[in-house]
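Chemist: Here's the letter readout for the chains.
2 protein chains.
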Amino acid sequence: MSVLDDIDPRHHVVIIGCGFGGLFAARALKRAPVRVTLIDRTNHHLFQPLLYQVATGILSEGQIAPAIRDVFRNYRSLRVVLAEVEHIDVAARQVHADEFGHALTIDYDSLIVAGGARTSYFGHDEFRDAAAGMKSLDDALALRGQIFGAFELAEAEADEEERQRLMTFVVVGGGPTGVEMAGQLKELSRRALHRNYRRIDPRHTRVVLVEGLDRLVSSMGPRLSRLTARDLDRMGVEIHLGAMVTNMDDQGVEITKKDGATERIPAATKVWAAGTRASGLGAHLAEAAGVQTDKAGRVVVAPDCSVPGHPEIFVVGDLMALHDLPAVAEVAMQSGAHASHTIVRRLEGKPARPFRYHDLGTLAVISRFRAVAKIGPLRVGGFIGWLLWLVVHVTFLTGFKNRFGALTRWAVSFVGRGRYERALIGRWVARAKRATKSA
Amino acid sequence: MSVLDDIDPRHHVVIIGCGFGGLFAARALKRAPVRVTLIDRTNHHLFQPLLYQVATGILSEGQIAPAIRDVFRNYRSLRVVLAEVEHIDVAARQVHADEFGHALTIDYDSLIVAGGARTSYFGHDEFRDAAAGMKSLDDALALRGQIFGAFELAEAEADEEERQRLMTFVVVGGGPTGVEMAGQLKELSRRALHRNYRRIDPRHTRVVLVEGLDRLVSSMGPRLSRLTARDLDRMGVEIHLGAMVTNMDDQGVEITKKDGATERIPAATKVWAAGTRASGLGAHLAEAAGVQTDKAGRVVVAPDCSVPGHPEIFVVGDLMALHDLPAVAEVAMQSGAHASHTIVRRLEGKPARPFRYHDLGTLAVISRFRAVAKIGPLRVGGFIGWLLWLVVHVTFLTGFKNRFGALTRWAVSFVGRGRYERALIGRWVARAKRATKSA
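Heads up: the sequence lines are chains G and A, in that order.
Residues in the first sequence are numbered from 523 upward in steps of one, following the numbering used here.
Residues in the second sequence are numbered from 523 upward in steps of one, following the numbering used here.
It is worth saying that the hints were derived from the structure and are not from the lab.
Each hint should be verified, as a subset may be incorrect.
For chains that are exact copies, the list does not tell them apart, and a pair is met inside one copy or across any two.
To be verified - SDA-like mimics (lysine to any residue), calculated; alpha carbons at most 20 Å apart, straight line:
1) K780 <-> R878
2) K780 <-> R595
3) K552 <-> Y719
4) K872 <-> R786
5) K817 <-> P724
6) K552 <-> H716
7) K817 <-> G743
8) K780 <-> V813
9) K780 <-> L763
10) K552 <-> N718
11) K552 <-> I787
12) K779 <-> H646
13) K779 <-> T768
14) K552 <-> R720
15) K872 <-> V913
16) K779 <-> G764
17) K817 <-> P830
18) K552 <-> H915
Given the sequences, and given the hints that come with them, work out the whole structure.
Modeler: So this is what it looks like as structure tokens:
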């Protein structure tokens, strides 16, 4: 059964995934003479760079996750399908998917695979139970419950040692996500929770940032790495560089330094911002089309982002291996749009062009009013960096209403000290109870 | 073990519950020469009249549920305890509670019990699995997932009859909550989801409102009942008056009219806004103190809201049976404050005064720009009623930041057509899948 009941003779582009890659691929086809089917497992696009703000109670889910159907409501030739892709039949040019238990077969003329990445525990899948990832809304909401729940458990705890464990947060990974998370946890404990408790003082919260390399935000160059470390250090974040997580459980984290020295950090809450690997779709597609993947599981593509031997299939974003480009939102946006432009050029009888990435820069917020930014040749930190962060994020937040709402929240949490989203619902309380009992 | 480590010789007031009754009781003690312990099972106060807006994606959880600790951060003599009350020892003047697995005993000099109400299925507890209540954030979030999930399942469904079942919503109970929910479901399907789907047309959504009495919003008088029915009817809400729900399962609802005629309505989503009964604390306290409860399980109190024979214990809000007062927010606020004022008067050696309820009125929103309002001798509907609703709700939303955020959202959803909070997270998708499989 195909979801397309009506017969539309136009070239059919199927896009798998509505992260930044899929979103920008679909947008680039708005006025193209094609019909589009956009398949995603969830009903929302996720503005992942702000996920840490959902986890720490600044933004609500909806503010960083607009409904895909709503984003594309005015795209008359675009259909959104909520389904899990199970198999790509490269020979028959068909995508097989599961749509809430219904088997779905969708024929394509061109296919853009934007399956993205998932959390990688670097072979330590047993860490998954102890440390939340930072990839989905589910991750962020689970983390939000854990974070605010930890302070509640600490306030109820008579034993001082256990109280300190509950108020210790370990962030694994010193890239932008880890740095923003660590900074925000400090902000939360220093400002937002001020005067909220009677037994504990949230300012005594211990935030530990663990990074395997010798520098934080290493992609931003040595100067910004130093600036980031200095700013975080001044806020009281404990930084461990050149340290690997070698063990992790409910009770805490064990880190091992390069010299072999190990340290055990008792900590109730662990955030895994250390790494990602390509979605399983990469390996599946590579096998189906007889092409290579790199060691991160990404599909090695031709210079125009198409799959070698299959010019009708494109792989973009985090799932694409090309010129050692990093797995960042900006690459996904540009490669997604490039794939669509290539499809349109072909329909117009024009030759494909190679994908050229324009690096617009990287940003990481450290605290309110402080950020580091690498934009072109520019390297800035402090307040100017923060202003750049604000402009870029407001510009890229999808849709006016989200932008306006986010600005309101930011005004509340940067100028004021509030955190809107602190409500703990039933299952978090249940989780917290289990945590106490196992302690 | 008492949570109060420090010795404070002042009169100790313990308040159980932080709904409207507990919140206003605590507020009224801000400058009183007492220390206060406020116990709640959740970490938030819930602005329940707007719960339907969380369920329908207009507001986020945080906007109607501020953290209790944050509300009272500047109350130096108030301590918030997150715990489940298990037992009240009236003779020893102690409250026994479970604080995340820790047994807690709290001595009191005065006790204010504001345990509130929970959903009542009128003896049909088996309806609980089929119909979500409207009492907690958990209820509202589960309902949100069900509502937006139902449209997704309908879009994926080939069978027309099943599609119509998925797009049918039955609201049980024609009081303000049921009326607001039914109106909002129509608004959602007529406006917010416009152009979002390709196979289904959300405007064909069937919304059924079932009420056992012969009138909607019966507490507001016959004229407003007629106005409400007329407005809802014009929007396309199907109203069944004098009808009882006699059966309910995953697949639908059976209603029985007064003349004995039954009708089966196939419907995927059911909302139970029909009734509440007092929290179990009422029966427990009545037994412990040797006093009466009414048939709704509420404690029969003396005219000053205290428990007969135990002047140091007060019962307020939905848990209190006094002069046939209704279980509404306004009664809870005023009785909560009255109990605190009575405690202070006693400490000052003044006699207690009987509680006098000042009925400030009732409101129900029907659609954007239309509401019915009964305020003193005033009975208004339409746009004027809606303006009154807006003023009252903005005034009573706890805390400036919530007020401002809610106004933004309302601007978006009343003037525009958006719904911020539509993101379905994992467990809702899982639930939707189960729903399809059982179908």
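Chemist: Does each hint fit the structure? Answer for all of them.
Modeler: Outcome of the hint check:
{"no.": "1", "hint": "K780 <-> R878", "verdict": "neither (38 Å within a copy, 73 Å between copies)"}
{"no.": "2", "hint": "K780 <-> R595", "verdict": "neither (53 Å within a copy, 45 Å between copies)"}
{"no.": "3", "hint": "K552 <-> Y719", "verdict": "between (52 Å within a copy, 17 Å between copies)"}
{"no.": "4", "hint": "K872 <-> R786", "verdict": "neither (60 Å within a copy, 61 Å between copies)"}
{"no.": "5", "hint": "K817 <-> P724", "verdict": "neither (42 Å within a copy, 46 Å between copies)"}
{"no.": "6", "hint": "K552 <-> H716", "verdict": "between (48 Å within a copy, 19 Å between copies)"}
{"no.": "7", "hint": "K817 <-> G743", "verdict": "neither (25 Å within a copy, 72 Å between copies)"}
{"no.": "8", "hint": "K780 <-> V813", "verdict": "neither (37 Å within a copy, 70 Å between copies)"}
{"no.": "9", "hint": "K780 <-> L763", "verdict": "within (9 Å within a copy, 75 Å between copies)"}
{"no.": "10", "hint": "K552 <-> N718", "verdict": "between (50 Å within a copy, 16 Å between copies)"}
{"no.": "11", "hint": "K552 <-> I787", "verdict": "neither (52 Å within a copy, 41 Å between copies)"}
{"no.": "12", "hint": "K779 <-> H646", "verdict": "within (18 Å within a copy, 61 Å between copies)"}
{"no.": "13", "hint": "K779 <-> T768", "verdict": "within (10 Å within a copy, 67 Å between copies)"}
{"no.": "14", "hint": "K552 <-> R720", "verdict": "between (56 Å within a copy, 16 Å between copies)"}
{"no.": "15", "hint": "K872 <-> V913", "verdict": "neither (37 Å within a copy, 61 Å between copies)"}
{"no.": "16", "hint": "K779 <-> G764", "verdict": "within (6 Å within a copy, 74 Å between copies)"}
{"no.": "17", "hint": "K817 <-> P830", "verdict": "within (18 Å within a copy, 75 Å between copies)"}
{"no.": "18", "hint": "K552 <-> H915", "verdict": "neither (23 Å within a copy, 41 Å between copies)"}
The structure fails to meet hints 1, 2, 4, 5, 7, 8, 11, 15 and 18 from the earlier list, while all remaining hints are met.
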